[in-house]
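A.B. asks: This is what each chain is made of:
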Amino acid sequence: MADALIAITIVWGFVFLYGIMATMDFGAGFWSMVYINHEQTNATKIANSYLSPTWEVTNTFIVGVVVAIYSLFPGAAYTIGTVLIVPGSLILLLLTIRSAFLVFSHSVEQYEKLLTYITGITGLIIPGLLISVLPITHLGVVEGERGSETLNLFQLFTNPNEYAFLGFGIFSTLLLSSLLLSDYAKQVDEPIAYKVYRRDAMITGPLAIVLAFMIMYTLKNEASWLYVRMMEDRTLLLLSLLLFVVAGVALYLPYFSKRDVKGMPRVAVIAVVTQYLIASYVYGKAHLPYMIYPNVTITSGFTDPTSFRAVFITYIVGFAILVPGFYYFWSIFMRDQRKKIKKKHISQS
Amino acid sequence: MDHLQIARTMFGTNMAVHIIFATIGVGLPMMMLTAELMYQKTKDLHYVVMAKRWTKALGVLLGVGIPTGTIAGVQLSLLWPGFMEVIGRVMALPFQIEIYAFFVEALFMSIYVYAAERIPPWARITSLAFVAFGAFSSAVLISNVHAFEGTPAGFRFENGEIVDVDPWAAFFNPSFLVTAGHTALTAYTTGAFVIAAVAAFKMLKNQYGTTEYKYHQKALNLGIVLGLIFSFLTALNGHATTQHLYYEQPEKLAAAEGLFETTDHAGLTLFGITDREEQRVKYGIEFPGLLSVLSGNSFDTVVTGLNDFPEEYWPPLYVHILFNAMVIIGTGLIALSLFSLIWHKWLKKETYPKWLLWLFVASGPLSIISIECGWIFACTGRQPWTIYRMLSTADSVTSAQNLGLLFTLFIIVYIVLFVAVVYTLLYYFRRNTVSDDIYRAEQKNGELFESNS
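Sequences listed follow chains A and B, in order. Count along the first sequence from 1, then add 15; that gives the number in my numbering. Count along the second sequence from 1, then add 12; that gives the number in my numbering.
Don't take each hint at face value.
Estimated spans, in silico, between C-beta atoms of each pair [to be verified]:
id	chain 1	residue 1	chain 2	residue 2	range
1	A	I336	B	I285	34 to 42 Å
2	B	T138	A	F172	52 to 60 Å
3	B	T138	A	N52	44 to 52 Å
4	A	T173	B	E173	36 to 44 Å
Chain B regions said to be covered by chain A (calculated; three or more residues, Cβ under 8 Å) [as the list claims (entries may be wrong)]:
id	segment
5	67 to 76
6	96 to 102
7	420 to 432
These aren't lab readings, by the way, just hints derived from the structure by calculation. Cβ coordinates follow ideal geometry from the N, Cα and C atoms, glycine included.
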């Protein structure tokens with residue numbers, strides 16, 4: 016059990032990291048489509064310049080999630096693979112088109128407009144599909160015996176909880192990405208784009224929180240086992256709500272500087288990410304021991320103990336390389352982007 | 013097609029697309045590294061330009077290679093949950109480590125591209141070496157899973173349960189080194205001949221003596237030398253791989269050679285089609301005794317024929333053609349590069365005749381065809397198993413039905429990608445010609461990379 020707990024924490028960690036990175040990535044794609052005809056704001060340019068170099072790293076993480084699940088919980092992977100064939104394949108197809116055109120558009124200017132629409136549309140659909148995996152795991156819509164399990168799509172799509180998650184996933188994507196882009200725009204001195212994204216965060220933030228309440232409300236009826244267990248940690252849930260308020264305040268706070276901008280987007284980004292961290296911890300904890308309710312638990316799907324130890328060691332060694340490497344990559348990338356945009360400022364003025 | 017066939021075709025199609033980009037993705041970094049080292053040796057700017065243009069091409073190709081690789085990784089558990097359950101329990105290590113290998117590659121690639129002009133040559137070469145190392149490791153690790161499928165180790169089935177799991181024994185399974193080595197060496201061979209093919213084509217299009225011609229001739233020469241080295245090493249390794257088949261998967265070897273009756277002095281048949289009814293290879297050229305020699309280094313080696321195995325264990329018999337195509341192309345590549353080297357170095361010929369250049373143009377696509385044949389042979393030759401004598405393909409496949417529609421969608425996406433990637437490469441390299449890049453490189457403060465990456 017202790018090993019299985021460590022293992023599920025690793026999976027949760029990967030899911031959370033991918034979740035944050037991917038929402039920012041997908042959301043940036045969506046915003047670049049929204050502002051394609053507002054050239055004076057530079058909002059599309061900001062979103063695109065953020066989008067391009069990060070997808071490869073983000074992509075590593077989705078593979079990381081999948082590999083973590085099947086190497087730590089091969090028994091669960093069997094059921095998950097069987098029931099997710101349709102949504103999983105759709106995600107793959109959309110991701111493929113998106114990544115390929117992200118790369119091609121560096122070399123072919125004509126692709127840029129096409130790319131904006133591709134990343135824009137997939138930017139909403141992929142998070143919607145991804146988040147639907149959660150209701151699939153807790154609503155009890157997986158039917159049949161082991162070996163011939165099926166996903167009851169009718170039950171899934173007539174369940175209000177699924178729609179609450181869907182909406183929450185989409186608005187969270189928009190919230191996180193607009194927050195990040197506002198911070199990014201501020202860093203590279205783009206006050207107009209900054210204001211645009213700050214406004215978007217102010218709109219999508221309240222909507223996301225309303226849908227979060229909708230999730231809890233529908234969960235009460237549709238998966239009461241999960242609701243009851245989540246409410247056991249209500250202090251943490253309240254803390255997460257408080258952090259949302261902090262983010263709101265940070266955005267409205269007057270920012271004392273010579274520049275004509277208001278708010279502290281960096282604080283808001285950190286507050287909101289922490290908010291999601293806490294909330295997803297509460298959700299994940301309450302979800303245990305089920306991986307897929309009620310068919311698969313973390314003990315029933317857990318890998319062989321010897322394999323676990325070997326895999327666990329690779330995680331430790333791997334992360335020792337990954338974390339500093341990632342930090343270095345990020346600093347190179349940010350420095351490079353800042354320089355590029357400054358260069359443009361100079362050439363324009 | 014029945015359910016199992018659709019699932020196999022679906023996965024096979026993905027692999028067939030992915031393997032092209034993955035192979036070049038391993039081969040090109042080695043060529044780039046060679047070009048950078050050549051620059052340090054000769055201080056000839058052409059080699060910098062080569063490295064830069066190949067980096068750009070690699071970047072575009074990865075736009076297909078990475079997503080199709082992601083599909084492969086995820087589709088494994090979507091289409092083959094039974095297989096991945098065993099792999100997850102026993103053989104998870106290569107997948108785990110591969111993530112980090114990929115990460116190292118992506119990381120150093122961005123350092124190489126973004127910071128190339130700002131860091132000293134040794135740092136540039138080091139980061140490129142890490143890119144090549146990451147790509148190489150990915151190939152080796154994933155081939156290891158394939159090796160495990162043919163020669164499983166590190167676990168046993170007891171009443172349907174997996175017991176006695178030893179993940180490192182599975183990792184170092186008997187055919188790991190030969191199989192992984194084969195993948196790496198053939199990828200380098202392919203990288204070299206793809207470069208040679210493009211260079212030869214450009215030499216045919218450009219006037220002799222122009223800067224562009226000289227540039228491409230240098231690229232071709234690099235391709236010839238490295239192509240010869242790696243295709244020769246591939247042949248040595250291929251021999252070892254085949255001997256492993258003789259010991260570990262005899263029915264695969266028998267099917268590859270179309271051998272039905274167990275015998276010593278077994279002959280090797282080149283070309284031809286295996287006939288199930290007549291139990292022989294029709295229209296082939298037979299070399300008596302050669303198969304015994306290749307299998308066990310002696311005419312007296314007894315090679316087991318297909319008839320000694322129950323027919324439901326037979327791989328499909330068409331693998332003979334695939335095996336032949338692979339071997340013949342490989343041998344042809346050795347001959348081609350060896351001849352050209354002798355022509356250039358010993359006969360001191362300044363130029364290559366047109367027919368030879370055309371052969372090089374063909375060598376790129378042919379080496380890719382050979383890779384495809386090799387993979388299809390390796391995977392269909394293992395049928396009816398996903399894990400040899402342990403887990404059948406039928407027991408591995410998903411129970412989810414109606415894959416047809418999804419398969420169609422995947423095919424459409426692959427076609428779109430193919431068209432887009434070819435268009436992108438043509439478009440970009442037409443806009444940014446070799447002379448543009450050479451001009452940029454000759455400017456002292458010229459930013460070769462940042463200008464268009």
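A.B. asks: Against the earlier hints, flag every one the structure doesn't satisfy and list their numbers going up.
C.D. replies: 1
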